[in-house]
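K.L.:
Given these sequences and hints, build the entire structure.
Residues per chain are reported as follows:
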Amino acid sequence: MLSRRALVSGLAAASVTTSCRSDDAPKGRRVASLWFTYGGKNREVLEKLVRRFNTSQNAHFIRAVFQGDYFEGLAKLRTAIAARAAPALSHVVGEVVPYLAEAGVLEPMDRYPGFGELDIIPELGQAKSWIAGDQRPTVALPFNRSTPICYLNGKLFEQAGLKAPTTWNELREVARALTVRDGARAKRYGFCCPVNWWFWVALLQQAGGEVVEPDGRITLGGEAGVRATEFWQTLVNVDRTMKPPPGRDYNAWEATNQDYLAGRAAMIWTSTAFLRYLEDNAEFKVVAAPLPRDARYAVPTGGTHWVLLKSAAPEEKASAWEFLRFMHEPEQVIDWATQTGYMPVTRAAVKRLESSGYYAKHPNDRVAYDQLAVARPWPWSKELFRIQRETVQPRLESAVLSGKNARALLAEARERLQGNR
Amino acid sequence: MRPRSALEPYVLMAPTALLLAVFFFYPLGFAAHQSLYEWDLLTPPRYVGLDNYRELWASGELYRAFTTTFVFSVVVVAGSMLLGLGLALGLDRPGSFASFVRGAVFSAYVVSWVSVALLWLWLLDADAGAFTRLVRALGGPAIDWLGDPAYALYALAGVTIWKLAGYAMVLFIAGLQEIPKVLHEAAALDGANAIRRFTHVTWPLLRPTAAFVGTTSLIASFQVFDVVRVMTQGGPVQATTVFVYAIYEQVFLDLRVGRASSMVVVFFVLLLALTLLQLWVWQRKRGV
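Here the protein sequences line up with chains A and B, keeping their order.
Count along the first sequence from 1, then add 38; that gives the number in my numbering.
Count along the second sequence from 1, then add 9; that gives the number in my numbering.
It is worth saying that the hints were derived from the structure and are not from the lab.
Glycine is no exception: its CB is placed at the ideal position from the N, C-alpha and C atoms.
Fair warning: there could be bad hints in the mix.
[Said to hold, decoys possible] Anything over 12 Å on all C-beta distances counts as not near chain B; from chain A, calculated:
| # | residue |
| --- | --- |
| 1 | Pro-151 |
| 2 | Pro-160 |
| 3 | Ala-165 |
| 4 | Asp-277 |
| 5 | Gln-296 |
| 6 | Phe-364 |
| 7 | Gly-395 |
| 8 | Leu-439 |
[As the list claims (entries may be wrong)] Just so you have them, the derived chain B footprint on chain A, three or more residues with Cβ under 8 Å:
| # | segment |
| --- | --- |
| 9 | 323-337 |
| 10 | 425-432 |
[As the list claims (entries may be wrong)] The calculated label-pair distances, taken between Cβ atoms and stated as ranges, are:
| # | chain 1 | residue 1 | chain 2 | residue 2 | range |
| --- | --- | --- | --- | --- | --- |
| 11 | B | Ala-113 | A | Asn-96 | 20 to 28 Å |
| 12 | B | Leu-21 | A | Arg-90 | 55 to 63 Å |
| 13 | A | Gly-199 | B | Phe-79 | 50 to 58 Å |
| 14 | A | Gln-173 | B | Tyr-56 | 48 to 56 Å |
| 15 | B | Ala-113 | A | Arg-67 | 51 to 59 Å |
P.N.:
Written out as structure tokens, the structure is:
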């Protein structure tokens with residue numbers, strides 16, 4: 039009878055062989071696999087940087103393998119870890135870093151050569167991405183980091199003589215002013231935002247709350263959580279100025295982008311990750327703006343972090359580490375950030391962008407970086423991604439799309455979380 | 010025909026039995042075993058007995074996934090059978106036009122689920138979709154087919170019916186062509202009109218075909234995944250979280266192998282029970 043390990047090994051092997059290899063290694067190099075989860079433009083940029091690393095020296099070779107979207111990639115990574123066939127290097131969303139770290143599968147990187155010279159912006163690295171992140175062994179390095187930002191259709195805003203909203207009330211007014219109706223139907227929505235946990239956390243934090251209190255209690259923001267949810271309900275069901283896009287997860291994000299590009303939404307909230315894509319494809323001027331405030335300005339950070347897998351062979355991890363050092367050099371950080379829209383993750387890169395006049399020419403690129411001043415750290419919770427997926431997300435949709443009572447739904451969510459194993 | 014040796018039947022069955030054992034019985038047994046554990050593939054599995062089943066029941070997830078899948082299946086089975094039968098009756102005739110239409114209708118069945126889902130995702134877009142615009146142009150309401158929890162499941166059912174109707178049509182045409190013409194002629198001579206010929210000659214003789222179409226459509230509709238994954242991802246408000254998609258979410262997104270396995274076991278039992286029930290009903294009717 040097949041053992042469990044044999045079964046998962048088979049699955050992992052199958053997943054690897056069905057994935058796309060980017061290159062074959064020249065002889066004499068130490069090879070390390072990198073599993074990544076980008077398509078489109080971001081994939082092109084990453085593969086270009088991998089090729090640059092592979093040609094920049096003769097000792098190491100990074101084999102980049104595409105593994106589907108974030109969650110498909112994570113599922114494959116878990117299977118491969120269980121089968122002891124994991125790559126040396128991958129990148130994962132912030133929410134699952136504590137989960138993987140607590141499972142003991144991530145390699146601490148503090149003692150690798152040159153770790154102290156990486157010059158990472160603390161808000162984007164482990165130190166300040168998580169509460170007390172600097173008091174734990176470093177298992178995550180920032181890669182494609184983002185915050186939610188507001189994208190305005192410059193042409194429509196100019197025609198209407200409007201400015202980017204700086205408060206929730208202004209957002210309501212601007213959305214109302216830019217919504218165009220055709221009977222009961224909106225021909226154009228003033229505002230569009232995925233009904234998604236990340237943006238809800240932004241609202242909740244702006245309303246003055248936190249998902250998890252400093253003492254570890256999961257409150258989902260308490261009153262601030264209710265206020266955040268009710269704000270969406272007002273925009274969608276009362277003002278009818280916000281379009282909740284169809285689909286879930288990244289499908290809803292893509293639908294939001296398409297509505298914006300087609301002029302069906304005058305203002306959207308989405309990730310800074312789409313900055314270059316939207317600028318390249320919009321037939322109008324794209325204007326990026328920080329998110330507005332309620333009780334305070336606040337945003338969560340997002341995106342993924344590099345992780346080294348503990349189970350990989352030491353020489354593979356060493357090669358992967360050299361690649362990480364290379365990726366944190368200003369040239370690579372700048373190329374990645376300016377060609378995708380993600381934030382530059384080292385201070386040296388930001389300084390160089392400032393001194394070269396890049397930010398003066400591309401003010402949109404600066405918005406997310408400036409928002410870091412009000413970025414809130416995530417709790418170091420291994421259950422966070424389950425809180426998000428299983429408990430909060432379905433209730434957000436229920437509140438906004440079905441008009442159910444926000445307070446009751448969040449109370450029910452807290453009760454469920456307290457009783458959950 | 011008598012076997013040449015006592016072993017011969019077993020040898021002949023061996024390839025199928027082996028395939029079933031490797032790809033069906035072993036995974037099912039493995040899932041049943043895993044359903045008694047809490048396991049995330051990373052940390053060691055922890056024995057939890059029947060807790061996964063209790064949690065499925067207590068959280069309402071089992072009920073929600075079952076009712077969603079059941080409603081979807083009822084609509085799909087009824088819709089695809091009715092449409093397939095109607096098309097078969099209309100197109101069971103000679104001529105190149107009927108042949109062309111038969112081919113066109115069946116072509117939807119051979120197109121991949123993902124392609125069909127992408128096509129309809131575009132057609133049903135709330136703003137720019139051709140289908141949505143057609144409905145509005147005809148004076149119908151502006152419906153967000155995939156974004157409104159009240160319509161999304163039926164929209165997916167409609168897409169599935171569109172795809173499966175060609176399959177049902179081909180089987181019904183085959184069934185119709187098996188019916189001796191002499192029976193229709195005799196009924197016509199006895200004065201039976203078209204409706205009575207259908208209810209007293211065609212339909213009773215089509216029942217075995219209908220049973221087959223119904224059972225296979227039921228199984229296909231219970232196993233629906235691709236259209237959900239591509240078009241709605243289980244939303245909005247879990248309105249389209251059918252059983253297989255719920256299992257996918259548990260194992261790949263929520264990283265709960267044990268709970269996903271318990272859903273697999275429940276799903277298998279449900280599907281088996283429904284298939285047996287349906288076969289029993291049809292056989293009983295045929296017996297009458």
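K.L.:
Give a verdict on every hint.
P.N.:
Results of checking the hints against the structure:
| no. | hint | result |
| --- | --- | --- |
| 1 | Pro-151 | holds (28 Å) |
| 2 | Pro-160 | holds (28 Å) |
| 3 | Ala-165 | holds (25 Å) |
| 4 | Asp-277 | holds (17 Å) |
| 5 | Gln-296 | violated (9 Å) |
| 6 | Phe-364 | holds (29 Å) |
| 7 | Gly-395 | holds (40 Å) |
| 8 | Leu-439 | violated (5 Å) |
| 9 | 323-337 | violated (count 0) |
| 10 | 425-432 | holds (count 3) |
| 11 | B:Ala-113 <-> A:Asn-96: 20 to 28 Å | violated (60 Å) |
| 12 | B:Leu-21 <-> A:Arg-90: 55 to 63 Å | holds (60 Å) |
| 13 | A:Gly-199 <-> B:Phe-79: 50 to 58 Å | holds (54 Å) |
| 14 | A:Gln-173 <-> B:Tyr-56: 48 to 56 Å | violated (34 Å) |
| 15 | B:Ala-113 <-> A:Arg-67: 51 to 59 Å | holds (55 Å) |
Consistency with the previously given hints fails for numbers 5, 8, 9, 11 and 14, ordered from lowest to highest.
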